[in-house]
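Peer 1: Here is what each chain is made of, one letter per residue.
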Amino acid sequence: MAALTADDLAAIASRIHDQNASWIRVGMSTCGIAAGAERVYAALEDELQRQGAGVQLKKCGCLGMCAAEPLVEVNIAGMPRVIYCRVDEACARDIVRGHVCGGKLLQDYIIDMQSEDAS
Amino acid sequence: MIIATINGIPVHVAEGTTILEAARQVQVKIPTLCHHPDLPPTAACGICIVKVQGSNKMLRACCTPIEEGMNILTHDPEIVEVRRTVLELILSNHPNDCLKCGRNQSCELQNLAAAFGIREELFPKFISGIPKDDSTNAFVIDPDKCIHCGRCIEICQELQQVWALSFLGRGFSSRFAPAAGMRLVESPCVECGQCSSHCPTGAIFELDETVKVWQKLQDPDNYCVVQIAPSVRVAIGEAFGMPPGTNMTGKLYTVLRRLGFKAVFDTSFAADVTVME
Amino acid sequence: MITKTVLIKDTTPGSTSGTKEFFDVFTAALRESKLADEIRLVRAADIGVYNHGIVLKILPDNITYANVQHHDIKRIIGVTLKHGNPIKDLLYQPRAYQLRLVLKNCGRIDPESIDDYIAHDGYRALSAALQAGPDTVIREITASGLRGRGGGGFPTGLKWSMTRSTPGNEKYMICNADEGDPGAYMDRSVLEGDPHAVIEGMLIAGFAIGASQGYFYIRAEYPLAIERVQKAIDQAHAYGLVGERIFGSDFSMDLEIRLGAGAFVCGEETALIASIEGKRGTPSPRPPYPSVKGLWGKPTCINNVETLANVPSIIRNGSAWFSRIGTENSKGTKVFAVTGKVRNSGLIEVPMGTTLRDIVFEIGGGTASGKRFKAVQTGGPSGGVIPEHLLDTPVDYDNLQKLGSIMGSGGMIVMDEDDCMVDIAKFYLKFCVDESCGKCAPCRIGGYQMLNLLENISRGNATLEDLERLRLIAKAMQKASLCGLGQTAANPVLSTLRYFEDEYREHILNRRCPSKKCTALLQFIIDRSRCKKCGLCARSCPEKAITGDKEHGYTIDTARCINCGMCFETCKFGAVERN
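Protein chains in written order, with our numbering: chain A, 148 to 266; chain B, 15 to 291; chain C, 2 to 580.
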């Protein structure tokens with residue numbers, strides 16, 4: 148394709164920005180993968196399909212809480228955006244059934260950190 | 015032109031002059047070990063360190079270009095202590111077999127140890143014990159005596175473009191060796207002799223067969239003849255302190271006869287023919 | 002209809018059932034207030050607050066309460082959950098916050114999607130830089146006060162302007178991703194989590210110095226980082242953001258990856274250049290600096306991954322915004338890999354000037370074991386240990402140097418009272434001895450001799466003169482080594498000697514290791530009163546040094562014992578003692 152112009156950046160950004168979409172992100176850096184993120188991703192993918200949930204499943208890098216990997220961040224419309232830690236395959240399926248489809252947050256898996264973004 | 019001072023003595027030198035060269039111009043002696051005037055500095059040994067006023071770092075005089083206004087200090091208790099420790103460390107990694115060494119009395123490490131008045135060893139000795147390589151008829155390589163100055167490698171790779179020698183391994187087990195660790199006879203070595211003539215210690219030296227020659231000469235069952243290369247008549251003069259270029263042909267013939275050779279052949283005629291061709 | 006969510010976590014040290022109990026009490030209280038259908042209670046695994054009793058976080062109000070008591074529940078329901086008002090005396094005021102600048106996108110965007118990066122302001126800084134021109138870019142970076150994040154802390158703007166001002170048509174930009182400190186992986190995470198930010202930083206730097214070719218020097222042990230950077234370069238290429246006439250301007254630059262073969266010394270810039278050129282990775286004397294004579298003899302600028310990842314934000318938000326963060330001489334944030342005996346090992350990003358105590362205890366959560374904190378090592382094998390009484394030091398380049406350590410690339414290893422300082426010094430020195438290239442004598446032989454001395458100390462075969470020998474060699478290495486590896490290799494030894502000389506003396510004079518780590522100095526015996534005669538120890542002993550039977554009990558034959566510690570590990574009743 149032809150070289151991008153500065154205006155194209157804005158066009159791409161607005162195409163991607165869809166704040167209301169529901170999504171699940173799995174931390175897939177070396178730390179996450181070493182802790183089993185690939186299996187968790189596969190379980191989420193499978194369970195989402197089984198339940199027919201229209202939720203976007205995405206990969207992302209490392210949030211920093213490496214000791215608590217695999218981390219799965221869930222953003223479902225009308226629910227608080229939370230991060231689950233030390234997720235295994237069973238927990239991944241519970242996330243889809245309970246949180247995504249059932250509107251319930253999972254007990255004993257949520258992790259939070261004290262941070263803010265610069266800029 | 016750059017103006018600076020060394021131990022308070024003003025120096026005026028061309029840009030790009032190293033601190034070591036500048037110091038020599040004003041007769042200040044900075045001890046060196048790995049440095050060789052024929053070669054670019056490898057900066058390996060750390061003996062030539064000096065201080066620059068206003069910095070608590072020590073710089074290598076061999077490879078640091080002198081800068082305008084620098085106030086250089088070449089000797090103080092701290093500098094000498096560091097130099098001495100480095101020398102002691104090098105000696106702790108060097109066998110003490112000077113008496114049996116091919117470089118005895120022409121060894122730069124021996125001279126430096128003498129200059130520092132080293133009389134005992136401060137650190138325990140660790141010698142790697144890598145076997146000698148005497149696979150060629152030209153040199154003996156004794157890696158244990160190597161001080162890692164890198165001169166042989168620099169000259170073999172960069173000046174002669176032969177690449178027969180290189181460093182292998184790393185850290186304390188690094189060593190210089192014929193490329194890829196093969197024996198010298200299997201390496202691309204052309205036996206030019208530049209490595210041995212630049213080696214500061216006995217790590218590379220010419221294979222010495224003097225004892226064998228004596229034995230043959232003294233054996234009554236042997237009829238010994240000798241043939242000399244054209245250059246020897248002049249080179250031997252230098253070894254005996256004559257001015258360079260002095261022709262020693264006559265004296266050489268006589269000496270060889272007195273040593274016991276029954277006949278002396280000279281290659282000079284054949285050499286002349288070669289030149290005429 | 003659920004309106005609020007309350008996360009609950011008992012952060013009292015050692016508490017195991019507190020969260021559950023409080024959860025049950027709170028649930029009952031909600032039912033009583035007839036709010037059970039409106040408020041969702043969730044037990045959290047970790048709430049990011051430590052040692053503050055029961056902690057509650059109320060969403061979506063984002064109110065955090067700490068040290069909550071059972072009698073506070075009524076107030077919380079009445080004031081906050083019903084009316085959304087905060088209760089001042091319960092509010093948690095964090096002493097330390099993470100501030101995510103470099104890690105902003107890590108874990109938030111898909112690192113394999115350039116579109117996702119662009120949607121998060123990606124490549125806008127590049128576009129702005131190309132319009133502003135190289136001089137403005139260098140001025141901004143200089144004004145921001147950004148310093149090299151690889152460890153040296155050299156001002157980035159100055160490095161760029163030096164490379165720019167060296168005459169030459171051909172210049173190179175190199176990204177140093179040869180991260181090799183034990184326990185440090187900040188650069189890996191940035192490359193894996195946000196590769197485009199580094200690429201954008203590379204392009205801006207290349208534009209500023211006048212380079213047309215850039216190299217990523219990534220160690221081969223980072224396969225995922227290599228894969229993602231390559232993918233990112235390809236995507237950027239397809240968008241015309243790498244290659245000819247970027248954004249339609251006159252600026253063209255190509256990027257390539259070069260793999261490092263895993264030599265720590267290749268993080269040193271002259272050795273790194275030699276490695277890219279295909280030579281043996283050994284340092285060469287500086288000057289000439291790479292900015293004058295670098296890769297292939299051309300002017301070259303080498304920046305660390307994290308340094309480059311800072312660049313787009315600075316260009317986007319301006320130098321004034323950046324220089325507001327941090328301390329007088331150290332601007333911005335720093336990413337640390339906090340590992341070792343810490344509860345939350347992982348990556349954190351904090352503003353420069355955050356104290357070590359806040360990093361270790363507030364963010365890191367203290368020691369994982371709950372045992373007493375002893376020291377923290379910063380700067381990896383080139384740094385030093387910092388003991389407890391200096392933990393209130395704000396972290397910046399100059400402060401850490403004053404303490405005998407360095408900022409380094411950002412590894413931070415927490416040690417508790419089980420760690421022996423002689424052992425720690427030995428560990429780091431061993432690393433440098435293994436990684437020394439062997440070129441210069443002080444580093445090659447000095448490191449080896451020091452390691453041998455430390456080994457003797459940890460075996461109880463040393464004298465007090467050996468401490469002087471250690472100091473003597475350390476000084477020679479610092480002053481006479483050719484590159485940073487050798488010059489700093491003695492730092493862990495010197496700093497442990499500085500703060501924990503007692504421990505060294507204890508090893509030497511009393512042949513005792515206070516942390517019970519140096520096994521050669523330990524003696525294992527079985528305490529008869531606690532022994533249950535199970536025989537597990539005897540079966541675990543590799544030397545068959547434990548004799549006895551289930552009737553009479555067991556004893557250790559100290560003459561045959563090799564001090565491996567297997568019996569100590571195996572015994573479930575604490576009957577094996579080590580002294």
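No lab work stands behind these hints: they were computed from the structure. Accuracy of the hints is not assured; some may be wrong.
As the list claims (entries may be wrong) - Below, a list of computed lysine-lysine pairs in the DSSO-like style, where the Cα atoms sit at most 30 Å apart: (1) C:476 to B:146; (2) C:83 to A:251; (3) B:265 to B:276; (4) C:372 to B:65; (5) C:431 to A:251; (6) B:71 to C:299; (7) C:5 to A:205; (8) C:545 to B:65; (9) C:89 to B:43; (10) C:372 to C:280; (11) C:545 to B:71; (12) B:71 to B:146; (13) C:476 to B:71; (14) B:71 to C:75; (15) B:65 to C:294; (16) C:89 to C:75; (17) C:21 to B:71; (18) A:205 to C:294; (19) A:206 to C:232; (20) A:251 to C:5; (21) C:75 to A:251; (22) B:146 to C:431; (23) C:21 to B:139; (24) B:71 to B:114; (25) C:518 to B:139; (26) C:5 to A:206.
Peer 1: Against this structure, judge whether each hint is valid.
Peer 2: Outcome of the hint check:
{"no.": "1", "hint": "C:476 to B:146", "in the structure": "34 Å, violated"}
{"no.": "2", "hint": "C:83 to A:251", "in the structure": "21 Å, holds"}
{"no.": "3", "hint": "B:265 to B:276", "in the structure": "16 Å, holds"}
{"no.": "4", "hint": "C:372 to B:65", "in the structure": "46 Å, violated"}
{"no.": "5", "hint": "C:431 to A:251", "in the structure": "52 Å, violated"}
{"no.": "6", "hint": "B:71 to C:299", "in the structure": "27 Å, holds"}
{"no.": "7", "hint": "C:5 to A:205", "in the structure": "27 Å, holds"}
{"no.": "8", "hint": "C:545 to B:65", "in the structure": "60 Å, violated"}
{"no.": "9", "hint": "C:89 to B:43", "in the structure": "75 Å, violated"}
{"no.": "10", "hint": "C:372 to C:280", "in the structure": "48 Å, violated"}
{"no.": "11", "hint": "C:545 to B:71", "in the structure": "55 Å, violated"}
{"no.": "12", "hint": "B:71 to B:146", "in the structure": "39 Å, violated"}
{"no.": "13", "hint": "C:476 to B:71", "in the structure": "11 Å, holds"}
{"no.": "14", "hint": "B:71 to C:75", "in the structure": "66 Å, violated"}
{"no.": "15", "hint": "B:65 to C:294", "in the structure": "24 Å, holds"}
{"no.": "16", "hint": "C:89 to C:75", "in the structure": "15 Å, holds"}
{"no.": "17", "hint": "C:21 to B:71", "in the structure": "60 Å, violated"}
{"no.": "18", "hint": "A:205 to C:294", "in the structure": "45 Å, violated"}
{"no.": "19", "hint": "A:206 to C:232", "in the structure": "15 Å, holds"}
{"no.": "20", "hint": "A:251 to C:5", "in the structure": "12 Å, holds"}
{"no.": "21", "hint": "C:75 to A:251", "in the structure": "24 Å, holds"}
{"no.": "22", "hint": "B:146 to C:431", "in the structure": "29 Å, holds"}
{"no.": "23", "hint": "C:21 to B:139", "in the structure": "64 Å, violated"}
{"no.": "24", "hint": "B:71 to B:114", "in the structure": "40 Å, violated"}
{"no.": "25", "hint": "C:518 to B:139", "in the structure": "28 Å, holds"}
{"no.": "26", "hint": "C:5 to A:206", "in the structure": "29 Å, holds"}
Of the hints listed earlier, those the structure fails to meet are numbers 1, 4, 5, 8, 9, 10, 11, 12, 14, 17, 18, 23, 24, in rising order.
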